[in-house]
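Q: One-letter residues, chain by chain:
Protein chains: 2
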Amino acid sequence: MNSTLNPKRTISELKDLRSFTADENGAQRVAFTPKWMETRAWLKKKLSELPVETHVDAAGNLWSTLRGQSQRALLLGGHMDSVPNGGWLDGCLDELAALETLRRIAAQYNGRPPVTVRLVDWADEEGARFGKSLFGSSACSGNLNMDEARVLKDKDGVPLPDALKKVGIEFDRVKESGQELKNAAAYLELHIEQGPVLLDLDLPLGAVLGTFGVERHAITFHGQAAHSGSTPMHRRKDAFLAAAKMSPEIYRIAERSTGGVCTIGSCTTKPGIVTSVVADCTITLDQRHLDAAALAKMLREAKEASQHFAKEGNVEVSWERLWQIEPVLFHPDLVEMCSDAISETCGKMHRLPSGPLHDAAEVARAGVPTVMMFVQSLHGISHNKIEDTKEEHLEMAVVAFDKLAEKAMEWVRGET
Amino acid sequence: MNSTLNPKRTISELKDLRSFTADENGAQRVAFTPKWMETRAWLKKKLSELPVETHVDAAGNLWSTLRGQSQRALLLGGHMDSVPNGGWLDGCLDELAALETLRRIAAQYNGRPPVTVRLVDWADEEGARFGKSLFGSSACSGNLNMDEARVLKDKDGVPLPDALKKVGIEFDRVKESGQELKNAAAYLELHIEQGPVLLDLDLPLGAVLGTFGVERHAITFHGQAAHSGSTPMHRRKDAFLAAAKMSPEIYRIAERSTGGVCTIGSCTTKPGIVTSVVADCTITLDQRHLDAAALAKMLREAKEASQHFAKEGNVEVSWERLWQIEPVLFHPDLVEMCSDAISETCGKMHRLPSGPLHDAAEVARAGVPTVMMFVQSLHGISHNKIEDTKEEHLEMAVVAFDKLAEKAMEWVRGET
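Respectively, the protein sequence lines represent chains S and X.
Just so we're aligned, residue 1 is where the first sequence starts under our numbering, counting upward by one.
Just so we're aligned, residue 1001 is where the second sequence starts under our numbering, counting upward by one.
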């Protein structure tokens, strides 16, 4: 065994993976599909060359364990599944960097490192088929809502429990996956940033402070349909006018919040015809912040603004919560180690929150000290075939992630 | 024959008509349907009691002629067709007030008035089935676009020419209807206002100055989809933000125009999901004004605003014209007569433009001196089963319309 880390091998493996899992529209490794099973088989074959024990847990997550002198385990994770027409790095960079790090540790410590090191490939991070992301990790963390998950269907009407059965997973037992975390002492995950922050700062790598809390709502303004030709402007109850005023307002709310983001992603109008004032207008609002109090303030300000605009326009407004999750802060010691590993690798460092959710958030919510490392995304874009990262940055990412793993192993040993 | 006008009979006839053409959802006299044919037969029976010649022209319009000492003809018009689930007055009040006036004139002049008087029931004013309003009157005026009309289909896929054939109308000959206007010297039409202007002024009747010109456009802002969690606010190309800013702006544009109206009736967003910044946003804009220069200015200001907001938000904007029509001004002498007839009837008067289009606009565009009279609408609402007008206002409307007809007859005789 060669005890030297080989980041170029990771890039080569990412390209191999792309060669049989992507088509002209991008990556097609959607969870629980034959292509995903093929990806898993490819990964297992690579793991079989290492002195590890590999199995799939009750939720479909794959675990590969390198036993150490201590049972206390350092977890290295990611996900091999992609959205349809996805990028070549989202998820599998994490996994293949973890694999390379596992190889280096296994070689350096002759198959018996000071603490146990485990690689995990989470099942269905993307939620592309059933609209529920973080499936495997939320089953493992215990946060999966079984009642909601049981009735999820894909676009062909196939229920999630039936799709799981086809790949050997029994829906009612998925939370038994939680026992995998029994000896977990730390969790590390590398990921592409999927945003433009590092790109704008011209930095290859960043230490992630945590994942944003999210408030997701549908806001409906209720006005009155009226003839576009015969209704004077001052007599209108224009639901679109009130909804439209929310758009510049959420930019002001986000700016005041220092670090939060707000998005109106969808707008629908009824009756929605060219000759009528809009009677009902529904917009969706997605608000995110790393600080729970700041997130609550953003939500409160949006509600107040909606009520103000409704009153101003003589219309009514109602809110419906679609989803929410609290912010998840990563472990300060691990964030520090991550920052050090990055500085040692490329001399420059930045700390940033994660806008998107990741499996790491579920692991952290389960009480396992966690941190993520981000590598720059070109175009700041993911979930798209144009998703890309410079090869020199990918190599730095593998090096820095490996350094972080070494520091974390030391830390876990010290904590034991 | 009783030579006294009987406005109560008009109300009674409107109620009779409602009894067999409305259901619990409102009036169902959609053009070219069996219920509309039944309505026509009912009207023809009433006309057959008068000394008139009645026929249907090449476009399906019904004409009933009371020959006078002069061939020069005063036309009294309206439409018996309704939208689905329509009101009990829209269109048929015009027709039945014209009928009552025709009765009075026939009786008073012993069947031979000084000028010819003709009642016309226009075919398919509403355009409810094929989405093309003013069918019969635009065929008669010569303004019907044959290429566009030929390919119109109803929601069951039936082409307009086939539907016309079923009621005995040959599509390619509809413009022969134009010969009906040969001796037309003036055209009068009574209509419910369909808006709240007279209601707000607490006036029963108004003289109509003309019909608004209309500019109807689809405006699309082109931005970029981006993850709602990972994209900083200042990096966004948010198509909805630019589109939303147009809504308060069109209120300012309408206010500056003095008398115009602007409506954004529909908004669609793509990809239109809660987790993405809007890439493309299309709104429809309907602008109306009685003054052509003011309408052109409103359109220019909207275009400039859209370009400003696009630039401000780093997005692109494109415009597509959906439809336009120039303003139609009614004849000043007839507007004056209409005002006098109203003042003589109820002591109060108001002049106002018409926001909605009417058959009268097509007749005016064909060069026939034209005027309309409006009667107050309760709730300012039409195209709805709750459409209504106080009975005392309906009676006043018939009286005032009859006075207007007498004045117009005198005018036509004088002009001959």
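Among the hints, a few may not be true.
Once the Cα atoms are required to be at most 30 Å apart in a straight line, the calculated DSBU-like pairs of lysine-lysine come out as [what the hints assert, rightly or not]:
1. X/1045 - S/311
2. X/1385 - X/1035
3. X/1270 - S/303
4. S/270 - X/1182
5. X/1165 - S/270
6. S/385 - X/1311
7. X/1153 - X/1311
8. S/270 - X/1045
9. S/311 - X/1015
10. S/270 - X/1008
11. X/1385 - S/132
12. X/1035 - S/155
13. X/1175 - S/385
Because the hints were derived from the structure by calculation, they are not lab data.
Q: Give a verdict on every hint.
A: Here is how each hint holds up against the structure:
1. Of the pairs offered as hints, the one joining residue 1045 of chain X and residue 311 of chain S is violated, with about 54 Å between alpha carbons and a cut-off of 30 Å exceeded.
2. Between residue 1385 of chain X and residue 1035 of chain X the alpha-carbon distance is near 17 Å, which keeps this suggested pair within the 30 Å criterion.
3. With a C-alpha separation of about 25 Å, the suggested pair residue 1270 of chain X and residue 303 of chain S falls inside the 30 Å cut-off, and the hint holds.
4. The hinted pair formed by residue 270 of chain S and residue 1182 of chain X fails the criterion: a straight-line CA distance of about 45 Å is larger than 30 Å.
5. Between the alpha carbons of residue 1165 of chain X and residue 270 of chain S the distance comes to roughly 35 Å, so the proposed pair goes past 30 Å and is violated.
6. At most 30 Å may separate the alpha-carbon atoms for a hinted pair to count; residue 385 of chain S and residue 1311 of chain X meet this at roughly 28 Å.
7. A threshold of 30 Å between alpha carbons decides the hint, and for residue 1153 of chain X with residue 1311 of chain X the separation of about 40 Å lies outside it, so the pair is violated.
8. For the hint pairing residue 270 of chain S with residue 1045 of chain X, the CA-to-CA distance comes to about 42 Å; that exceeds 30 Å, so the pair is violated.
9. Of the pairs offered as hints, the one joining residue 311 of chain S and residue 1015 of chain X is violated, with about 40 Å between alpha carbons and a cut-off of 30 Å exceeded.
10. The hinted pair formed by residue 270 of chain S and residue 1008 of chain X fails the criterion: a straight-line CA distance of about 39 Å is larger than 30 Å.
11. A threshold of 30 Å between alpha carbons decides the hint, and for residue 1385 of chain X with residue 132 of chain S the separation of about 45 Å lies outside it, so the pair is violated.
12. Pair hint residue 1035 of chain X plus residue 155 of chain S does not hold up; C-alpha atoms about 43 Å apart against a cutoff of 30 Å.
13. A threshold of 30 Å between alpha carbons decides the hint, and for residue 1175 of chain X with residue 385 of chain S the separation of about 56 Å lies outside it, so the pair is violated.
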